[in-house]
Structure formats: C-alpha cells, structure tokens
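Engineer: These are the residues of each chain, in order.
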Amino acid sequence: MFEYLVILLDEASASFCHYEAPSLQERKPISADMLKQGIRFAMRQNLAIQFVYPHYEISDELDELVHSVDHFKIMPADIDATKADVVVVDGFNFDAAIRLQKPTTLRVKKDEFFARYHELVPLLEAVPNVNVVFTDVQHFTAADLQTYSTVISLLAEEVAKMYVGDLCPRINLLTDRLSLNEMNNCGAGATSLTMAPNGNLYACPGFYYDDPENCVGNINQRELEIPNGYLYTLASAPICRHCDAWHCKRCVWLNRKTTLEVNTPSHEQCVMAHLERNASGKMLMQIREHGSFMPECEIEEIDYLDPFDKRHLW
Amino acid sequence: MAEIKDNTQVWLDGEAKSITFIVTKDCQLACKYCYLVGKNSKERMSFEVAKAAVDYILGNPELFPDQSVVWDFIGGEPFMEINLIDRLCDYIKTEMYRLNHRWFNSYRFSFSTNGINYDSERVQRFIEKNHTHLSIGITIDGTRRKHDLNRIYKGSGLGSYDDVVRNIPLWLKQFPNGGTKVTISSPDIPYIKESVLHLFSLGIHEVNINVVFEDVWKEGDDELFEDQLMQLADAIIDGELYKENVCSFFREDLGKPLDISLENNNWCGAGKMLSIDAEGNFYPCTRFAAYSLRSKKPIIIGNIHDGINQNLLRPFLTLDRLTQSPTKCLSCEVASGCAWCQGENYDAAVTPTIYQRSTAICLMHKARVRANNYYWNKLYCKIELDGARPAKPSCIACSL
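In order, the protein sequences belong to chains A and B.
With the numbering used here applied, the first sequence has no gaps in its numbers, which climb one by one up to 807 at the end.
With the numbering used here applied, the second sequence has no gaps in its numbers, which climb one by one up to 1181 at the end.
Just to be clear, a hint being listed does not mean it is correct.
Here are the simulated DSS-like pairs of lysine-lysine, each with C-alpha atoms no more than 30 Å apart in a straight line [said to hold, decoys possible]:
1) B/K1078 <-> A/K750
2) B/K962 <-> B/K820
3) B/K1053 <-> A/K750
4) B/K798 <-> A/K803
Derived by calculation from the structure, the hints in this document are not laboratory data.
Sequences and hints are given; from them, build the entire structure.
Structural biologist: See the structure below:
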C-alpha cells in the first residue's frame, strides 16, 4: 500500500540516494499548476509528501504551494537548508550539515569513503542521524569489498567507542540493524512513488533520471496501482525474503540496473549489506564488554555474505 | 507396469550442462508457428566465434561445475552449417582431451533438425564419426496434411512432408529410440489424433508433443483439444499401442494440486543453460536472443570477450513458482505438469521481467488434464480387466 509521494521540484532536483541526478544546466522547475495537481493527487490518495529540492532556491510561488500541505523536505546542503527535514551532502564536505544539526544523508563514492571514513566521527557527534549512501555500488570489485570489510569494521570500533563514551550516534550502516527485527528497506514502488515535473509517476527518482519513459503511471489515474507492482514487495524477492540484513536498502533501482530485475539484488549489494550486518554484530559485542546494551538484540554469526549462495537450502 | 511403455529418459536430463550454439538463423522452412521472428540468412556463426566460446567455457571449469555436458546446435536449421559443426565438434573433443576436462568422458552432441538434409553426405559422415555421442531429433508434425499445414518451404510455400518422411527410416535405423517433437497451435488441433497415430505407424515410438505457449488460442479450442485427445486415448488403448509407444500428452503425474512449500521449483531451465549466437553473445536460453523476441529487448548475459556477468544470472537462478505465478495458478487443483517458457513469459509480460508467468495455455492445460484422466482411468480398467494388473480396491467402475 502506498503511503508516500516524493515530488521532484525541478527536473534536476538533488539526488538523495544511489542514483545520479543530472547536473543543473538551467533551471527547469515544476510548473505551479503541475505542483498543485500533484499535491491534490497526494491528498486524494492519502499520501504523505516528501519534496525534493534542487540546488537553488525555489520561487515564492512554488514555496507557497509547498507550504499549503503537510510535508517533509529533502534539501541539498548547498542551499539554505535551515527548514530541511533531511540535509543531503555530496562527499565529505559536511560543515554545513554539522552546523544545521539535522538528519543527514551523505552521498559518497567508495574511494573517498575508504580514505576518509574516520572523519565521520564529528558528523556523528553533531547530527541525530547519518544515512550513508554509496553512489558507485555497481562498480565495487572483489578487492573493494575486501577493503570495505576492513573499513566498516574500523568504523564500527569508532562508533562503539562513542557508545561507551555515553554518546548515541546513529548511522544506517551500523546502528539500524540493532534496532530492527524484520526487513526495513526502501519502499520504492511498494510504499512510495515519485512524481516528476512532467506529472508522471516513477518507482523512484532514479528511474526518472535514467529515462523519463520508465514511468509506472501518472497523477491523472484514479486507482493507485502500478504494472507488476508485486515485484517491488519483499514477498516477491526470492533472495531478500531469505535475508536477515534487515537494514539493507534493497535498492530496486540498483537491482534493475545490475540484474535487470527490480526484485533481485546484485552480489555487491548483498555482500555490502552483510559486511555491515556482521560489523554491527561485532560492534554490539564491543559495546557489551562495558555493560548491558540492547539485551534483546542478537546478531548471529553466519557463514556466508551473499544469501544467493545458500539458495539450495530455501 | 511392464506393459506400458515409459518415456525414454533424456540423457542425464537435468544433470548435464546444456550449451547451445545458434549456428545460423537461416532455415529452409518458414513454419507458421515458429517463434523465431528474426530469422535471416546473414547471421552465421564463424569458427572463430565458436572456438572462443569453447575456450571460455572449457577454460573456466569453476563456472560450469556440472559433471556432464550437452553441446547443442540449433538454428534456424543447424545442419545447414554442418561444415562448421563438424570442425567445431572436432575442436571440442580435442580440447576436452587436451585439458583432461571431466566432460571428455561425459558429453553429447545434440541436434533438433527439420530432417531435410539428414541424408546428405556431409551430415551422414558427421553422424558416422560421432555416433556414440549423438542425440538427434527430427521434427515431423504428423500426417502430410497436418505437417504441410505449418511446415512449409520459405518462398515457395510448399509443404516439406515428403522431404522429411523419406529420411525417417534411415534416422530410425541409426537411432532406434529416436523421438520426435510436435508442436500444436490453434489450426493444428483437428489433426492431433491422426498425426500421433501416423507417427507411431512410421516407427517413431516416442512422440513429444506440446501446445505453443504463445497466446494464440481461440474460444472453443480447449473443447476441440480435449475431444481430440480423448479420441487419441481411445485409439491408443483400444489398439494396445501403449505397449510400444509413448505420447507425452498422457502422463500419470499430470493434473494434481501442488504444495507450494514442497514443490516451488521453476519449471524452465533458462539460466542453467547457456546459448551463444553468431556475434559471440551469451544468453540464458535461446529464447532470449533478439530473433526469438517479439516485443522485448534481448537479455544478453555476457559475451566471449568479457565472460558471463553473474549478476544477470541471479534472477534466473532464483526464480521459483511462487514468485512468478498468479494466485489462480498457486491455488489451481490441476497444477502439476502445467508448463511455462521463461522466454515467452518475458516476451508477454507487461513490464520487462521474467517474473510474470503467462497463463495463455491455462484452458488448454485443463483440457489436457481432463483427457489425461480419461486416458489413465480407461487404461487401468483395461489392464485390470485383462488381468495384467491387480485391481485397485476403490475401482468402482470395474465393480471389483
């Protein structure tokens, strides 16, 4: 059941996830009329709206419409993001995010993360929640996954120290798994849809930016159903429904890009999620060496990094 | 059950790796039901491309852990490229031996041919050279009128029956257990009974027959189909043809409910197989090559230069019945034996996915199940009455 509508306020609204948005050559904001229709559509369908801002200040007319309805703002850090609900940062330049002290999404490439992961500590201390998103998952090699294994373990040690020091940092890669007891993935295509400035609906902005022809509907439709919608649900994902890396984004856009099916993750996506899962487990043990901590949470040791390798047991 | 002939087991069925070379997209025929929409005379596989594919496959045994292999050659008509095939098979044998590959002791070369140039000198020389490792099936659809209804020459439109049937005795002499494959489309339904009986009379004791998976069926086809199958059942049983012959329409395990928790396997082997085209592209099955697809892009999973992209195989290797089947299939009381083709599913799907099962054959399957029930009930009654089989305690019809 759909609960959220993401509305892109420009044809090049900032990316807040794995996909790349086109670079801003010229401003192509959504028309006021289309935004009005989108808001009415969301209200009729009982969808909570998330506005995604471009890398410039929107017009007063659009701003007025945005504030005509309850909503959630996703804003890049390079504009005035004081009213943001989530601030998006590209790369390890997060002074603005530290200053704003808001939940922050950090979009980063693997090499930068491997080299500078320890610089996350001040960000973790300053903001309530850090959501790290790799923008080059599809380019991770076997060697990169080895490096990631080391780096995520080292980062887990840093986070464990913060917990022992009475801080309560939250970072999706390591702490989300601790508080979950079932899959909690991105709901693109299952619980959320994206409306582009053309009035069409997409499973997520990534599909729109890949090709505007990838739409699954438009805001003129009365029934909120999308073609083969079941494929976006966990029940229709043979690998994921057997998985306990519950924090995994299970990105359907990456799935489509790497395996051609929205319900099938790539090997790289699975291994990364499991390295994070395992690092979370070790971090939990490290924290517990200093006293009781989340006694209800257990992360068992497993002998695989990709559930696909265990498919003969399903 | 000694009196009822069983299907001949396909060589290491399901255990051997199937590797298919699309050696040509050309064929002498233009069969009306052919799913190959992009046949042409230009795309012929070169020896260099075929050799590179063999080198990749034999050079990466960890990617192909199967104990045995079936090297399959299809087209178009594969025997139009007999020179390439002969040279390639020699190369495969030499390389398997040189590499001390486990497949050297467990391999087959397999062909499905239209049979037209089966008796040519080149084909016969190839058969003689490789006979102990060969599986060859000739496709003949039945009587002349049934065969020539669909299997016609390109250009002239003339039927090909006479040119095929003259090669059947030679083929059966060389492969006494040879079976044939018959495909049924909507216009063929009235000829099913006579065709199967005709094939039996030619000495072909195993007739593997199926309805096309494409959505070609018209209202009332299922009733006609059921009627034909029941007439066929009567003829087979009354004539005691079941002792020497098998028609795959009738199977004892057909038409039972399936427990999804125990029987969740995918029907189709796409992804476990590998197909290679003239360009050196790899496919999960030939049905995903461009020349087989009406409305979707081909699914290319790699090529001879870069190898297989394992990520593109993951959806195929995790496909199961539950995920791709609509609710009506999961709760179907006669689900067992209801087949599907992954390529047709993909081609017919409303989005580009292999996870949407086409149900175009639903009514035809149900008709087949009813006729199949009739067949086995009648056959068992006959065998019991003849004293060849102990009566079932619950056999009310026999009053036993």
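Engineer: Work down the list of hints and note, for each, if the structure agrees.
Structural biologist: Here is how each hint holds up against the structure:
| no. | hint | verdict |
| --- | --- | --- |
| 1 | B/K1078 <-> A/K750 | 15 Å, holds |
| 2 | B/K962 <-> B/K820 | 20 Å, holds |
| 3 | B/K1053 <-> A/K750 | 22 Å, holds |
| 4 | B/K798 <-> A/K803 | 21 Å, holds |
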